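Student: In case you want the letters, here they are:
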Amino acid sequence: MRLARSLTFLATLAMVAAVPLPGQAGPDNPTFRDRRQAMVDLIASRGVRDSATLAAMRAVLRHEFVLTEHRRRAYGDHPLPIEHGQTISQPYIVAYMTEILRLRPDMKVLEVGTGSAYQAAVLAALGVDVYTMEIFAPLAESARRRLARLGHRRVTVRHADGHFGWPDEAPFDAVIVTAAAGYIPPALIDQLRPGGRMVIPVGSVYGVQNLILVTKDAQGAVTTRHLIPVRFVPMLEGLR
Amino acid sequence: MLPLARPLAVALVSAGSLAFEILLIRIFAIEQFYHFAYMVVGVAMLGFGASGTVFTLIRQRRFIDPSPWFATSTTLTAVALLGVPLLVGQVDVDPTRLAWDPGQWLRLAVVYLLLALPFGLGALAVLSAIAAEPDRPGTIYGASFVGSGVGAALGIAILWTLEPVRALALPPALAALGAVCTTSWAKPGRMKIGIAAGVLVASIAGAIHPFRQLSILPYKALPQVSAFPDARRTAEHTSPSGWVVAVESPAFRHAPGLSLAYRGAFPQQTALFVDAELAGASTRWPDSSASAMLDWLPTSAPYAIGDRRSVLVIDAGGSLEVANAVAHRAVRVVALELQPALIDLTAPSVSDQGALGTGAEIEWISGDARGYISRTDDRFDLITMGPIGGGVVGAGMRSLSEDFLHTVDAYVRLLDRLNDGGVLAITGWTAVPPRTNLRVILTVVEALRRIAPKRIDRALLVTRSWGTVTTLVKPEGFTAEEIAAVSGWATARLFDIEWHPDLAAPLARFNLTDEPTIYEATSAALSSRDSAARFAATYPFDVRPATDARPYPQHFVGTRALSRLLGSSRGDWLPFAEWGFVALLATLAQSVLLAGIMLLLPAIAGAGRVGMRRLAPLVGYFGAIGFAYMAAEIAAIQQLTLLLGHPVYAVAAVLTALLVASGMGSAWSDRLPAALAFRVTGLLVLILATYGVVLLGVVHLFQPAPLALRFAAAMVMLAPVAVLMGMPFPLGLRTFASESTDRVAWAWAANGFASVVAAPLAALTALEYGSRVLFVAAAAAYLVAAVAHWRARAQTA
Chain H
539 MRLARSLTFL ATLAMVAAVP LPGQAGPDNP TFRDRRQAMV DLIASRGVRD SATLAAMRAV
599 LRHEFVLTEH RRRAYGDHPL PIEHGQTISQ PYIVAYMTEI LRLRPDMKVL EVGTGSAYQA
659 AVLAALGVDV YTMEIFAPLA ESARRRLARL GHRRVTVRHA DGHFGWPDEA PFDAVIVTAA
719 AGYIPPALID QLRPGGRMVI PVGSVYGVQN LILVTKDAQG AVTTRHLIPV RFVPMLEGLR
Chain X
913 MLPLARPLAV ALVSAGSLAF EILLIRIFAI EQFYHFAYMV VGVAMLGFGA SGTVFTLIRQ
973 RRFIDPSPWF ATSTTLTAVA LLGVPLLVGQ VDVDPTRLAW DPGQWLRLAV VYLLLALPFG
1033 LGALAVLSAI AAEPDRPGTI YGASFVGSGV GAALGIAILW TLEPVRALAL PPALAALGAV
1093 CTTSWAKPGR MKIGIAAGVL VASIAGAIHP FRQLSILPYK ALPQVSAFPD ARRTAEHTSP
1153 SGWVVAVESP AFRHAPGLSL AYRGAFPQQT ALFVDAELAG ASTRWPDSSA SAMLDWLPTS
1213 APYAIGDRRS VLVIDAGGSL EVANAVAHRA VRVVALELQP ALIDLTAPSV SDQGALGTGA
1273 EIEWISGDAR GYISRTDDRF DLITMGPIGG GVVGAGMRSL SEDFLHTVDA YVRLLDRLND
1333 GGVLAITGWT AVPPRTNLRV ILTVVEALRR IAPKRIDRAL LVTRSWGTVT TLVKPEGFTA
1393 EEIAAVSGWA TARLFDIEWH PDLAAPLARF NLTDEPTIYE ATSAALSSRD SAARFAATYP
1453 FDVRPATDAR PYPQHFVGTR ALSRLLGSSR GDWLPFAEWG FVALLATLAQ SVLLAGIMLL
1513 LPAIAGAGRV GMRRLAPLVG YFGAIGFAYM AAEIAAIQQL TLLLGHPVYA VAAVLTALLV
1573 ASGMGSAWSD RLPAALAFRV TGLLVLILAT YGVVLLGVVH LFQPAPLALR FAAAMVMLAP
1633 VAVLMGMPFP LGLRTFASES TDRVAWAWAA NGFASVVAAP LAALTALEYG SRVLFVAAAA
1693 AYLVAAVAHW RARAQTA
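From first to last, the protein sequence lines stand for chains H and X.
If you count the first sequence from 1, position 175 lands on 713 in our numbering, and the numbers rise without skipping.
If you count the second sequence from 1, position 553 lands on 1465 in our numbering, and the numbers rise without skipping.
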């Protein structure tokens, strides 16, 4: 039996963040660049091999997606708290989930749980079109502004309940859910293109969940596979 | 001072301290997590031993008159019990950030120090009282015992009427009353009386308008669901067994393991919480379209083989299973739930049976399932449990919780309550790698071997969804038709059949795993006892069957797994960590370290005055009886929990009876010669060793009896030995430290530190080896004390 590869208990993804970041002298500087490189090296050493994913992680300025008081910790390989008990997840988990989706340029990806939009930015850096849904209206709005300011133009943010997916833009080549669900929403499976992959933390909403890969083959048959245990904040239903 | 005033004051201060400990654990368990509460309070209790160190250090520099110290420390205890909770509330500790934020450790240290203050001051009051009256240490120490026992009872009882933050008024009020007893109206005492009266008034005010509110960690379920759209709190109930809250929100949904193929409607649900953790949902069933969802839950597997007319649902309050039984045409449903408040909140939701199906007779019973199945003559077509192992349990936070429902002994009794053709269904959340469900399978097969059905090889059928495993057990064996029916039902829902009697090879089609571990475990378990044992021995986690003597079905990280995990890369072990177990180890490490330092301090500062060699038997004696007392107490609580059926009742009964009886023994010891300590400890060795062998059997014998009889039996088992356990400390004081305040302080420090260190150590022993071994460990410690006493007397001679 194999013990799951590199893992994290406190892997949590953001559904909240998006407060304005005051006092920015500029989007990047050599210190952050060095720290980001060190973060990517660590992620690579823990088993993420996909060069495009690693390049995307290197390209996205994570310190722009965390609260000001946590900026100096932005490139540590751990989650960080944001507001309302939400967290931005550990960089390794972001990279791991991205790699699992096996994305290619110009694919169409649905993300449920925009949060600080860091995951969406990483996906966009891979050259895919990202449709990301956020249940909290202020978060959706601030994510939209932040992404525009940082130049991530291939991301479309929508304030909506992710449990019902985004039927107008379906089908998607990949679906990534960045908040825990108590069950796998049927709409998301329906909106997955044959041959598509979905990664979602499921299980008990408030404890440790299992990161599950859902695949739909060319004939539309669905299978699941447990990847690693994670801990995400819950996926909210209904608009807020 | 009147002869009774000092013992009364000691009793009141001790009552306040113990009530404070109980309430602190309750509040931290709600605000943070159980394991964190245990760790914080456990370390803070070192304040008990610290008072001995402080006393010794000061005594080494100047003469101390213990009487004013007693009055002052009593008054300050009251002040600290009032003020410390407020100060602790100002320290923002987030335990989830301890892993990467050094600042959190600093805050935690501040919390430790603050919380240690009232315990230290309270202990100083008792110590100075003993020093002030060296001729009757048993009376003073006995008063402390009795006060602690009453404090334990009051600390638990007050939670029936007051929320924990309001209940915090009780400890300072008790200590303030104690302070009033200690001081006179003469001029030097007036200020202390004024302070004590002020604390008393402030306590009453705090009970009416709490000085602090619950500050729940935002990651816990209650604040998360409260943030849902249109969420509103609809009910709140406090009791010693938990703080129950119901929150309604159209956005909340709860359907553990729901099939990926389900496309129907979803019913409206209300989230239920115990201590701010999700405990389940109350569901409304407006029409049959909503109840259709029930048949797409993994827990519906047993209904696929035909109607189950009589159903026993265990842990019914937070589950959907009562509704599930009704929707599947059950005629009679017995719903068991330990938390009465959950029944109040859940029962009305299934009363509208018209929407669910035919009118079934539903009997809600508030109580423990083990007690019920021991007493009932009823038999059932289906007994259903689960899902287990999810939520906080999945995070390993309940790894330390005794659970007598998933032991071999429990499964034997459950299987015995099945009708011919009846099925026991146990659903558990999956983990990676599998743990909970493997233990369920190994445990249930061992139970089957004990009842020896004819067709054990056909008795198991295991299904797996994307997130859960359901183990169906039918002692008569599954027929080919039943297997086909469940297989068809499962396939339509994208559930896999992990095991059935005719399965020749692993067959996972929908939910893939790297290795067919459940198939291998089931195959090994059904082959023979030896092959089951071999499988468990080679599995990386401890999945051996749980028993009543070691009832920890959620504890998987034994020493072997721990060493393997810690040897892995940075962070890799974190998801497998059982946080309760980690907290226990952390508590033990911190306690040993701090106790060691604080015991060494006075030795370094000038133990030459006493003579270290002559101190060794004293420290050994008082350390041994400190450990022994705590070990025996924890073992007794564990075994009597099974007898009394409820952990809170068991803790209340055992603590109160044990401490009060010990207090009586302690007081009585003043009339006995000090030399009797050797015989008393020797007798305790014999009794506790015997308890280790026979007590659990006696508990099983009395389990079917009415509660009053079980309670009486518990008292008979406990009180005589507790009376004896109260004697060694005062008898030892007269032997080792009759005329030396220094030695009294040393004895106090050694006993205090050993007691505090013993709590996590005894819990670890119970976890790894069970309560029987813990009784034997307590007996062994009393043996050490007996030897130390014998050596001390030999030295004197």
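Worth double-checking, as some hints may not be accurate.
What the hints assert, rightly or not - With the Cβ distance kept under 10 Å, some of the chain H side facing chain X (calculated, not the full set):
#  : residue
1  : Phe570
2  : Met577
3  : Leu599
4  : Leu605
5  : Thr625
6  : Leu688
7  : His690
8  : Ala698
9  : Asp699
10 : His701
11 : Ile727
12 : Leu765
13 : Pro767
Unchecked claim - Derived CB-CB ranges, DEER-like:
#  : chain 1 : residue 1 : chain 2 : residue 2 : range
14 : X       : Gly1400   : H       : Gly758    : 43 to 53 Å
15 : H       : Glu607    : X       : Arg1145   : 28 to 38 Å
16 : H       : His608    : X       : Gln1002   : 21 to 31 Å
To be verified - Among chain H residues calculated to face chain X with C-beta under 8 Å, some are:
#  : residue
17 : Leu592
18 : Tyr721
19 : Ile722
20 : Pro724
Honestly, the hints are just simulated from the structure, not real lab data.
Being a predicted model, the structure only gives us computed values, none of them experimental.
C-beta atoms are modelled at their ideal positions from N, C-alpha and C, and glycine is treated no differently.
Student: Take the hints in turn and mark each one as holding or not.
Tutor: Structure-based check of all given hints:
1. Phe570: Hint on Phe570/H: violated, closest Cβ of chain X at ~18 Å, above 10 Å.
2. Met577: This hint is violated: Met577/H lies away from chain X, its Cβ roughly 13 Å from the closest one there, beyond 10 Å.
3. Leu599: At about 21 Å, which exceeds the 10 Å cut-off, the nearest Cβ of chain X leaves the hint on Leu599/H violated.
4. Leu605: violated (13 Å)
5. Thr625: Holds - the Cβ of Thr625/H comes within 10 Å of chain X, reaching about 8 Å at its closest.
6. Leu688: Hint on Leu688/H: violated, closest Cβ of chain X at ~25 Å, above 10 Å.
7. His690: violated (27 Å)
8. Ala698: Not OK, violated: Ala698/H not within 10 Å of chain X, min 12 Å.
9. Asp699: holds (8 Å)
10. His701: The hint holds - His701/H has a Cβ within 10 Å of chain X, the shortest such distance being about 8 Å.
11. Ile727: holds (6 Å)
12. Leu765: holds (8 Å)
13. Pro767: Nearest chain X Cβ about 4 Å off; hint holds.
14. Gly1400/X <-> Gly758/H: 43 to 53 Å: At roughly 20 Å between Cβ atoms, Gly758/H and Gly1400/X fall outside 43 to 53 Å, so the hint is violated.
15. Glu607/H <-> Arg1145/X: 28 to 38 Å: holds (31 Å)
16. His608/H <-> Gln1002/X: 21 to 31 Å: For His608/H and Gln1002/X the Cβ distance comes to about 22 Å; the hint holds.
17. Leu592: This interface hint is violated because 18 Å lies over the 8 Å limit.
18. Tyr721: holds (4 Å)
19. Ile722: holds (6 Å)
20. Pro724: holds (5 Å)
Consistency note: the structure conflicts with the earlier hints numbered 1, 2, 3, 4, 6, 7, 8, 14, 17.
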